[in-house]
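Protein chains: 4
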Amino acid sequence: MPSRNEVELHNSHKDCWVVIHNKAYNLTEFAKEHPGGSKIIYKFAGKDATNEFSKFHPPDMMDRFLKKEFHLGSTETIQPNSCKTRMEAIPRPPLSSILNTFDFESIAKEVLSPDAWAYYSSGSGDEITLQENHQAFNRIFMKPRVLVNVKKVDTSVELLGTASALPIYITATALGKLGHPEGEVVLTRAAGTRGIIQMIPTLASCSIDEMVAAKLPQQAQWFQLYVNPNRNLTIDIIQKAEKLGVKALVVTIDAPQLGRREKDMRVKFENDAPDVQATESLSRNEGAARAIAHFIDPSLSWDDLKWIKACSNLPLILKGIQCGEDAVLAAQAGIEAIIISNHGGRQLDTSRSAVEVLQEVTQALKHSKLENALEIYIDGGIRRGTDIFKALALGAKAVGLGRPFLYAMSSYGQRGVEHLIVIGLNDRIYCAKSLKLP
Amino acid sequence: MPSRNEVELHNSHKDCWVVIHNKAYNLTEFAKEHPGGSKIIYKFAGKDATNEFSKFHPPDMMDRFLKKEFHLGSTETIQPNSCKTRMEAIPRPPLSSILNTFDFESIAKEVLSPDAWAYYSSGSGDEITLQENHQAFNRIFMKPRVLVNVKKVDTSVELLGTASALPIYITATALGKLGHPEGEVVLTRAAGTRGIIQMIPTLASCSIDEMVAAKLPQQAQWFQLYVNPNRNLTIDIIQKAEKLGVKALVVTIDAPQLGRREKDMRVKFENDAPDVQATESLSRNEGAARAIAHFIDPSLSWDDLKWIKACSNLPLILKGIQCGEDAVLAAQAGIEAIIISNHGGRQLDTSRSAVEVLQEVTQALKHSKLENALEIYIDGGIRRGTDIFKALALGAKAVGLGRPFLYAMSSYGQRGVEHLIVIGLNDRIYCAKSLKLP
Amino acid sequence: MPSRNEVELHNSHKDCWVVIHNKAYNLTEFAKEHPGGSKIIYKFAGKDATNEFSKFHPPDMMDRFLKKEFHLGSTETIQPNSCKTRMEAIPRPPLSSILNTFDFESIAKEVLSPDAWAYYSSGSGDEITLQENHQAFNRIFMKPRVLVNVKKVDTSVELLGTASALPIYITATALGKLGHPEGEVVLTRAAGTRGIIQMIPTLASCSIDEMVAAKLPQQAQWFQLYVNPNRNLTIDIIQKAEKLGVKALVVTIDAPQLGRREKDMRVKFENDAPDVQATESLSRNEGAARAIAHFIDPSLSWDDLKWIKACSNLPLILKGIQCGEDAVLAAQAGIEAIIISNHGGRQLDTSRSAVEVLQEVTQALKHSKLENALEIYIDGGIRRGTDIFKALALGAKAVGLGRPFLYAMSSYGQRGVEHLIVIGLNDRIYCAKSLKLP
Amino acid sequence: MPSRNEVELHNSHKDCWVVIHNKAYNLTEFAKEHPGGSKIIYKFAGKDATNEFSKFHPPDMMDRFLKKEFHLGSTETIQPNSCKTRMEAIPRPPLSSILNTFDFESIAKEVLSPDAWAYYSSGSGDEITLQENHQAFNRIFMKPRVLVNVKKVDTSVELLGTASALPIYITATALGKLGHPEGEVVLTRAAGTRGIIQMIPTLASCSIDEMVAAKLPQQAQWFQLYVNPNRNLTIDIIQKAEKLGVKALVVTIDAPQLGRREKDMRVKFENDAPDVQATESLSRNEGAARAIAHFIDPSLSWDDLKWIKACSNLPLILKGIQCGEDAVLAAQAGIEAIIISNHGGRQLDTSRSAVEVLQEVTQALKHSKLENALEIYIDGGIRRGTDIFKALALGAKAVGLGRPFLYAMSSYGQRGVEHLIVIGLNDRIYCAKSLKLP
Ligand code: HEM
Ligand code: HEM
Ligand SMILES: Cc1cc2nc3c(=O)[nH]c(=O)nc-3n(C[C@H](O)[C@H](O)[C@H](O)COP(=O)(O)O)c2cc1C
Ligand SMILES: Cc1cc2nc3c(=O)[nH]c(=O)nc-3n(C[C@H](O)[C@H](O)[C@H](O)COP(=O)(O)O)c2cc1C
Ligand SMILES: Cc1cc2nc3c(=O)[nH]c(=O)nc-3n(C[C@H](O)[C@H](O)[C@H](O)COP(=O)(O)O)c2cc1C
Ligand SMILES: Cc1cc2nc3c(=O)[nH]c(=O)nc-3n(C[C@H](O)[C@H](O)[C@H](O)COP(=O)(O)O)c2cc1C
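Protein chains in written order, with the UniProt record's numbering: chain A, 1 to 438; chain B, 1 to 438; chain C, 1 to 438; chain D, 1 to 438.
In case anyone wonders, no lab produced these hints; they're calculated from the structure.
The beta carbon of each residue, even a glycine, is placed where N, CA and C say it ideally should be.
Certain hints may be false.
[As the list claims (entries may be wrong)] Taking lysine-lysine pairs in the BS3-like style, the calculated list, with each CA pair at most 25 Å apart, reads:
| # | chain 1 | residue 1 | chain 2 | residue 2 |
| --- | --- | --- | --- | --- |
| 1 | D | Lys68 | D | Lys14 |
| 2 | C | Lys151 | D | Lys306 |
| 3 | C | Lys32 | B | Lys151 |
| 4 | C | Lys67 | B | Lys151 |
| 5 | C | Lys109 | D | Lys263 |
[Stated by the list, open to error] Some chain B residues judged to face chain A by a derived CB distance under 7 Å, without partners named:
| # | residue |
| --- | --- |
| 6 | Ile128 |
| 7 | Gly161 |
| 8 | Thr162 |
| 9 | Ser164 |
| 10 | Glu262 |
| 11 | Ser301 |
| 12 | Trp302 |
| 13 | Asp326 |
| 14 | Ser351 |
| 15 | Arg352 |
[Stated by the list, open to error] Here are the computed distance ranges between Cβ atoms for each label pair:
| # | chain 1 | residue 1 | chain 2 | residue 2 | range |
| --- | --- | --- | --- | --- | --- |
| 16 | C | Glu325 | D | Leu394 | 40 to 48 Å |
| 17 | A | Ile90 | B | His294 | 34 to 42 Å |
| 18 | A | Leu244 | B | Lys32 | 41 to 49 Å |
| 19 | B | Arg266 | A | Lys109 | 41 to 49 Å |
| 20 | C | His294 | B | Phe141 | 42 to 50 Å |
Input sequences plus hints: build the corresponding full structure.
As structure tokens, then:
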């Protein structure tokens, strides 16, 4: 049980102790592999990092990912400072004047700190896939039928047996506290009032406990999982999620290595010191790619699905399917649902747009007589009610939105997220009325 | 028979009386459903709203749409002020320098008030269909034949048995007084001198009586109809139109719900107070979509065509056909003519361009051996003589123009509209001469 | 034989005499039909118009087109002023720095008066065909073969039996004095030194006599003809051209009515008075289209080719073929050569690019086994040596350039035109060497 | 053995002696054929040109290309000045902040002198092929498979039996000293530390001896050859290269005549005097095209490959194949490898992109059952790890990069080149991991 005075003595790169939430940790080894870079950790060598740490990570992060041998025990208790919110400091138009997702985006760009904007908005490489995701929808044209009674339209849907007011869900996005001081629980609350499902991310800034605690009694959540090289950690978290009552398990399979989001890397670089030696940076570049492998296992393969299924009764959803062949494999493996996704253009650039893949997937499944074997969801570039309509018309059962929810949350908090869902709803009803599709 | 003094006492949201054209009305209930928003009505609670009202609506609006129970009777007579015209206050180049429809558009943008410009020019969503309507013509290339005698060319045509000097008509567009203080009668007069047909809109700022009164003896008009949830109102107006001598009935079928024209919504929002509470606006957004349902029936279906046909002897035209299948249904239903139209890109965004649909329609009719069953018209994006020519070459019998006439009227009044028709004429003769097509 | 004093008395719209090259004419009737507008003629009512007239028309224009009854006889002789050249007043980079046709274009834009630039550069309508003409070449990609001996390349060619140093000719373009005070003889001289053919335009600013006089002994010329409604005028000019030794007759068939070149119209409008009455302009607009019919016969048809052929022994070339069907008709009519051309995008906008038509034409001729029946030339948008190469590879025997020669002439005179031909030559040799094609 | 004083007397166009590396030469005849223009040579008539000469050419250039009769013998020895490096004078961001090839490009644009930038960056004509080379990659979309174990990835490859750490090589680019005072040896050293192959250019600024001397013991090099009209010179250089230990001979076959790179010509023109007479320039333009024929033989054909093969035991690579047919011819001629290349868009503009040709080539070879007859490499527009991946997936065994290496060398020297290779490596590993391809 080290005292804070003692911690202060371990304040170098070679001997780096840090206090977080009144506990001390030896981060000397870990710092080199920290996905956020070693710099930020060395900055707090010998100090209390709780405030900074809380901006990005939930309190249980250490328990889940840091090897036990580096936990040094409790120190004297100190209250953390409360975070200020940028959102409120910046003049924003009244929420009622926000007509669509692009409005939220342009306000979020003002409200967010440069690094948050870079992290949220960036895609990999030249951002060709990022652009394509939405543009591909604009190239799909409608064929409205007329003189059809569209007085009543029901927009509710059942996803893996769970009711949702709309065929929309909030997909998993990491580091919610970059955008809002309260983090992902803001999304939880808005999903609750509007009756849609939230997908809880592994790398959330809030802990899964916090997000489950913030939900309404009847509200449904899914849990998104990155499979850890240490299988035990993964089994623990799956079982915890099941106990907490989530309705499905989403395994993200499109990130055996994190994408190079250069916009984000540039901001990180600028925030880092200008004294960085060129030679050091070579290894640092390589390092970034390597480090994440401690959190996401690049050896994950179809075989692993078996033990994943074995350790809980939750239905399994695969997130990141990008071709017809893999959709067929998923169906044959007995998976309950797939999400067609390229991770919002954040992984492999020049991958095809999600909606283009959707068309290949439905055909491939049909061709293998597996069209009823699983439910199909899709995310990436959905920005308009018409996009939702097109995805459904082409065979998806529901659609996930990522950045639009982050932007709404960052610029107006819970009210913003609720408003976004209403806009989606409006547009959607409008589509349905005009086109008469479930 | 309330006095003006008495009206003044009913000046709140909860008790809202208004005087229009020397008659008093209780608009407390109606205000909530007013398509133009409740704000504008509350502004005149307890006051005389005639001037403002006349800018948008014909005198008979109340009789046609307001429930009898809210008519409170006549008050003391007062003369309304005369409207000033923006057009004359703004320096405009001589009409003779206007060479094409785009010239009119750019002057109208200057001359029109911001809200009129927003209302006229806007399309729904990202205005993709609005752009496509005209762009699609630019992608159709010509194949001129040579050494053909084109000394004489006849550009006249017969539409449902009515002669027209050109294969062009003025389509229905609402709220003409936004652009010109005299409203749609300006279009009536120009159509008369140039010998083409005007389509009278349900939602005109002038009354149908005024527009019929403004026509020349031999001049032909059609009447455009939005079918009201209250069928009796619709039957009344049809029979009135027939008695007034219109030559055909046009039922608009592409607006079961009004499109979200965001450019227009933004201007309206800015004109409204900045004190609007965000929460209120949620409902207001939803409200706008709901309210119009009191004027346009979203349950209208193919069956309704029977009673519509039954209540008059006028030929029936369906406006808003957008695919081959519905064109075939229309022909089978015994409809005399269809208008291929996406409402000028104001309804469902990413609908296909009108001219693309035209090609599908002629093929579908031919395939069903119905190519002679009805006449085909088209509107949307027609801006050049070559566009007219292409539409005719692809099977249309005539084309409608919307915005170009509004812009010509708003910037130069009757002379402008006449000039526009001449330009169309010139271009068209030119085309005909070069290409020799009827 | 009227005196200049007498002429001065006829100085109104209703009685309008003018002196040109020391002869008096009564232009009262003609003014109304003048293709360049009546304004410019009225400006010289009662005056000597020689200077202004010479800027646009050759001295023999009156003899060729004005009815004999309006020739009033000679007046006292006066020397005309000499024109100054804008070219020399404006600083230009050394000719050797001009690397391609675009360089000439950008300098010509500076050197030319605004109305000359407008007349030369404009296309009809939205200038879509004008753009397409060149862009279409950029979409055709090359397939270079390697390891082929290209040490020696012969770029000469025989066109209708006449030798040309290159497969390039100078096509007919009207009003050369707008660009250079000496007019088209500048082109004649450069064509001579470089050994290529010049096509003499009907509507040249120089007379055909002047252009023939300016040529070298062995130099070959073609004569471009607009067929006049008065057949006798046309027969006269054909026989004159034959006597003067031109090698072929080119009948332009793509202008039954002149295209609406709005850029040009705008400049003309601004140069005209600002006091133009709007109503007058209506008729003026219509007038312009009508007036030209006095010079170019819109009734010209395939039958006319017979008497045209009958009145001389010259080979006949049709300029303005725009589809495969008409190419076949031309071959069947015994025509010696055709020019695929859309008049440089100055006639019907959204016509297809010349090179796209070329591909249709060669296929159609082949299909009718007429591929050897006539020679194929092409003009429109040729700006690079690779464009020339592509046209030849696709079946053309030679290519015509219009604007590039006007721009070279206007910016550097004869030297400029010669330099342009060298650039074409260089590029062409380069192509030939790389690709080995005749 | 002339003295420097004597040389000074021969200082005119008609009698032009020059001292280079302490030897005197009579350049009177040669100046007229100098590919870089005669101006630059006349500038040094009667003087010591060593400094300027060294910026572009290796010391042995004279021995290799200047006729013996013009070698005048040694003069007094003088040390040349040392070149300063622009690179160090200009502030550059730390190398670690360079994330991709485009970053190098934008810094090189600042660091390079205008003429170096023009020479390196330019393409021929309108640079359509230059653009296409890279753009074509962006139009090829990926189809990532999921749940495949990608923990270990091997990126090494064997090219004609020589091991390479990556499927990337440094292609031949002339005039390295324009970018870096030490020239191509910088590339040699970086290729060595990173284990990839360097292709030594005929027209390098360093001599082949220097480049071979700079390599590590085990490091492999190829030698790129332009075949000289004087076959003996070519045989000498081939045999010298073989003796020096290069692993393969690359014959460039896409330059029977050098492309017109207008950006480059403009800069050269501006650097030349403004007093150039227009007439002189005509011939100069023609001259440039002619002069190069003294260095690169435009008569080179398939037959020549026989004696080229005969004079050494090195495997033969043809650089510049641009269609399937020629690839088949190469395979039938017993060539060991081909490089699909359009010379980086510097030769014939509107040639197809390299990667488009690649697809034709693999099909043509397969169709002729020659797919295993030779190795296929490709260069042109490769800028991203994904481009490399796509080229390999489409059948290439390795890819060459040209400009990116020049830019990296010019902006950061050897460290820059090494960093570039790492970036390629990173991206590539990333691709491989995501997509699992060798
Ligand atoms: C066991 C302890 C920690 C773990 C497991 C952990 C994990 C992670 C992960 C996975 C990311 C990358 C998320 C992504 O980009 O997708 C990350 C980013 C980050 N972490 Fe940690 N972290 C730990 C400790 C800390 C500490 C002690 C601090 C601060 C003192 C910190 C600050 C950050 C920051 C600033 C980022 C970057 C956020 C961004 O801009 O993207 N972390 N961390
Ligand atoms: C029975 C009474 C009324 C009826 C039936 C009626 C109907 C309508 C309709 C259908 C529209 C929407 C047109 C469209 O956007 O497509 C509209 C808009 C409007 N109305 Fe009324 N209205 C009534 C009374 C009034 C009164 C009393 C006023 C003013 C005092 C008024 C002012 C307006 C205004 C300003 C607009 C918006 C125009 C625009 O910018 O789009 N209306 N009305
Ligand atoms: C800032 C950000 C963080 C993300 N983090 C995760 C994550 O931790 N796990 C995951 O499976 N997907 C993650 N995603 C991908 C999203 O779940 C989703 O696929 C994507 O955002 C959809 O595209 P959209 O943003 O265009 O709607 C993230 C996306 C963003 C934008
Ligand atoms: C300002 C405006 C108001 C319109 N109002 C109506 C209407 O009340 N009823 C209707 O059937 N169509 C209406 N339309 C659609 C037009 O009849 C027509 O379909 C469209 O304007 C044609 O496209 P264009 O404007 O590109 O020529 C309106 C269009 C505009 C631009
Ligand atoms: C200013 C100008 C005047 C022209 N005048 C004539 C003419 O009098 N007769 C004719 O047959 N073609 C005429 N043309 C068309 C040209 O002969 C030719 O078809 C066209 O210029 C070729 O396109 P290019 O300018 O892109 O090379 C004219 C073209 C231009 C640009
Ligand atoms: C400045 C420069 C000089 C070049 N010189 C040569 C050369 O001397 N010999 C040769 O075969 N290719 C030469 N090339 C062509 C390159 O080998 C290669 O084909 C091309 O650069 C590949 O395209 P990239 O620059 O887009 O990577 C040169 C290219 C450049 C950019």
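Verification of the hints:
1. Between Lys68(D) and Lys14(D), the direct Cα distance comes to roughly 19 Å. Compliance with the 25 Å bound is thereby established for this hinted pair.
2. Straight-line distance between C-alpha atoms of Lys151(C) and Lys306(D) comes to about 20 Å, which keeps the hinted pair within the 25 Å bound.
3. Distance check on the hinted pair: Lys32(C) and Lys151(B) sit about 20 Å apart at the alpha-carbon level, within 25 Å; holds.
4. A C-alpha spacing of about 22 Å is found between Lys67(C) and Lys151(B), which places the hinted pair at or below 25 Å, so the restraint holds.
5. Among the hinted pairs, Lys109(C) with Lys263(D) is consistent with the structure: their alpha-carbon atoms are about 21 Å apart, no more than 25 Å.
6. A least Cβ separation of about 6 Å between Ile128(B) and chain A falls short of the 7 Å threshold, and the interface hint therefore holds.
7. The interface hint given for Gly161(B) is violated, since its Cβ lies 25 Å from the closest Cβ of chain A, which is over the 7 Å cut-off.
8. Hint status for Thr162(B): violated, given a least beta-carbon distance of 25 Å to chain A, over 7 Å.
9. Annotation: interface hint on Ser164(B) violated; nearest CB of chain A at approximately 26 Å, more than 7 Å.
10. Checking Glu262(B) against chain A: minimum C-beta separation of about 5 Å stays under 7 Å; hint holds.
11. Checking Ser301(B) against chain A: minimum C-beta separation of about 5 Å stays under 7 Å; hint holds.
12. With 7 Å as the threshold, the beta carbon of Trp302(B) comes within range of chain A, its nearest partner Cβ sitting at about 5 Å, so the hint holds.
13. With its C-beta approaching chain A no nearer than about 5 Å, Asp326(B) sits inside the 7 Å limit, and its interface hint holds.
14. For Ser351(B), the interface hint holds, the least distance from its beta-carbon to any beta-carbon of chain A being 5 Å, beneath 7 Å.
15. A hinted interface residue such as Arg352(B) counts as satisfied when its beta carbon comes closer than 7 Å to some beta carbon of chain A; here the least separation is about 5 Å, so the hint holds.
16. About 42 Å separates the C-beta atoms of Glu325(C) and Leu394(D), a value consistent with the hinted range of 40 to 48 Å.
17. Taken as a hint, the range 34 to 42 Å holds for the pair Ile90(A) and His294(B), whose Cβ atoms sit roughly 40 Å apart.
18. At about 44 Å, the beta-carbon gap between Leu244(A) and Lys32(B) stays in the expected band of 41 to 49 Å.
19. The given range of 41 to 49 Å is broken by Arg266(B) and Lys109(A), whose C-beta atoms sit roughly 19 Å from each other.
20. Between His294(C) and Phe141(B), the C-beta spacing of about 31 Å breaks the proposed range 42 to 50 Å.
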